[in-house]
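Could you put the whole structure together from the sequences, leaning on the hints where they help?
Respectively, the protein sequence lines represent chains U and B.
Straight run, no breaks: the first sequence in my numbering ends on number 390.
Straight run, no breaks: the second sequence in my numbering ends on number 1120.
It is possible that part of the hints are untrue.
[Claimed, not checked] Below 20 Å or equal to it, Euclidean Cα-Cα: the simulated EDC-like pairs (lysine to aspartate or glutamate) are:
hint	chain 1	residue 1	chain 2	residue 2
1	U	Lys242	B	Glu1024
2	U	Lys219	B	Glu1024
3	U	Lys226	B	Glu1024
[Unchecked claim] Covered by chain U, per the in silico footprint, the following chain B stretches (three or more residues, Cβ under 8 Å):
hint	segment
4	1001-1014
5	1018-1025
These are calculated hints, taken from the structure and not from any lab test.
In this text, a Cβ means the ideal position worked out from N, Cα and C, and glycines have one as well.
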Amino acid sequence: MSADTPLMKEPDANPEGATPTGSTTDRAELIRFTDVTKRFGGTTILDRLCFSVDAGKHVTLIGPSGSGKTTILRLLMTLTKPDEGTITVGGQQLYPASEKQCREVRKNIGMVFQQFNLFPNMKVLRNLTEAPVNVLGLSKDEAEQRARELLDLVGLADKCDAYPTQLSGGQQQRVAIARALAMRPQVLLLDEVTSALDPELVAGVLDLLRDIARTTDITMLCVTHEMNFARDISDQVLMFDSGQVIESGSPEKIFGDPTHERTREFLGAVL
Amino acid sequence: MNFDWSNLGDFMPAFWDGVLVTLQALLGGSLLAFSLGLVWALAQRSSLKVVSWPVKAVAEFIRNTPLLVQLFFLFYVLPEWGLTLSALATGILGLGLHYSTYTAEVYRAGIDGVPAGQWEAATALSLPRSRTWIAVILPQALRRVVPALGNYVIAMLKDSPMLMTIGVLEMLGEARQFGSQTFQMNESIVAVGIAFIVIAYPASLLLRALERRLVR
Ligand SMILES: Nc1ncnc2c1ncn2[C@@H]1O[C@H](COP(=O)(O)OP(=O)(O)OP(=O)(O)O)[C@@H](O)[C@H]1O
Ligand SMILES: [Mg+2]
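So this is what it looks like as structure tokens:
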């Protein structure tokens, strides 16, 4: 986990099999939104939205407040349903789909929330073992071992027996990240995971996410206002406005030389 | 008014019988109210209208009719339907049923009070519905409702003399019986009053202590 390992740059259009790095699924498309429309009341939040994310990529969603970034993550997590359109994850349809099919797809997706949403009635260790035991069918011992390894990874090995309320916000969020990883998801959704934290706690959580991005092949979709972080970890940045992706590209391109007027305005306001 | 405390000695055996019956009614009534109330609360949340609607209607009906009427109904009507219970069992059923409609509201508020984020986290972890209820939602909801449930236990204690009207010899019933045999009411009534305080006051202290521990 040396801090100066450069982000692996993917050469464009490299033929399958010829790549020395990564598995063969690296280049496969994992998530696809096709003509997804979502309305709340009378307002259209997502308007025939189309985009796709390749496996193993780290994609950052940016855009003005209310542009629907959270809604996109919630659609993927099946916390809400689109009004029209289709969403596929790993070739399996998430919508429209039966509840059973949703459940299967959902197992491959983890989410970290702005407000952590740890289970306050369970100790930290059990927060991490509850789902692996009851969903993946791991034995208690296996799940606890996995949980301890993850707590070690997030630097909280000594907090197994604490209750979430006894931890700082930054520690809670790191537990929440570990809890999501305990399910070994293919996709990790991160919704402004540092915006509820005191400023001095932000760096620790972002560093952890940088580490995870670097050392795992997990596909990450994150919504963030931390533009430096976005620049560091992203393979691709998607700019949302008016319910659609108005611009997408490498972080160098979006942050360095945005083509769209709205992107320039937005970045001008947040940077 | 004249008090002759020597009468009290004669009342004591009956008094202790009455205390025991009162505590039995309270315990049975509470257990019934706690468990039935949870059943009603969950049924009212059912997405099946055929389940939620009748439960809501019946609960509303029971909550808005007097306990005394319900006790009479159970005592006189149940036997006609072939269900003959002892007076105490009928009393416990009446208390439990009546108060279950209140505890149902308490549970409902407790469940609604669990933040939406908890449901969402459970979904994000793919926890099955039943597991979400058992491991995540109910433990948090129950912790919140203990103080309110406790208040209903004390209310139930104070309603327990109504069981006298269907022939349950709880504390007040014993006192009245003693009075009608000896024509000495004063001392026994005072003793019963004191007994209520002696039960209720520590119970409410206990509750407050529990509340401090649970609500953080
Ligand atoms: N459950 C809901 N009911 C009604 N309106 C909603 C609901 N959820 C979101 N919205 C609306 O949808 C729009 C998009 O919300 P969303 O949370 O996806 O935006 P966002 O891009 O994440 O914004 P922010 O950067 O402020 O978090 C907002 O205008 C919001 O008010
Ligand atoms: Mg948002």
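Each hint, compared with the structure:
no., hint, verdict
1, Lys242/U <-> Glu1024/B, "19 Å, holds"
2, Lys219/U <-> Glu1024/B, "18 Å, holds"
3, Lys226/U <-> Glu1024/B, "14 Å, holds"
4, 1001-1014, "violated (count 0)"
5, 1018-1025, "holds (count 5)"
Figure legend: structure checked against the earlier numbered hints; the only hint not met is number 4.
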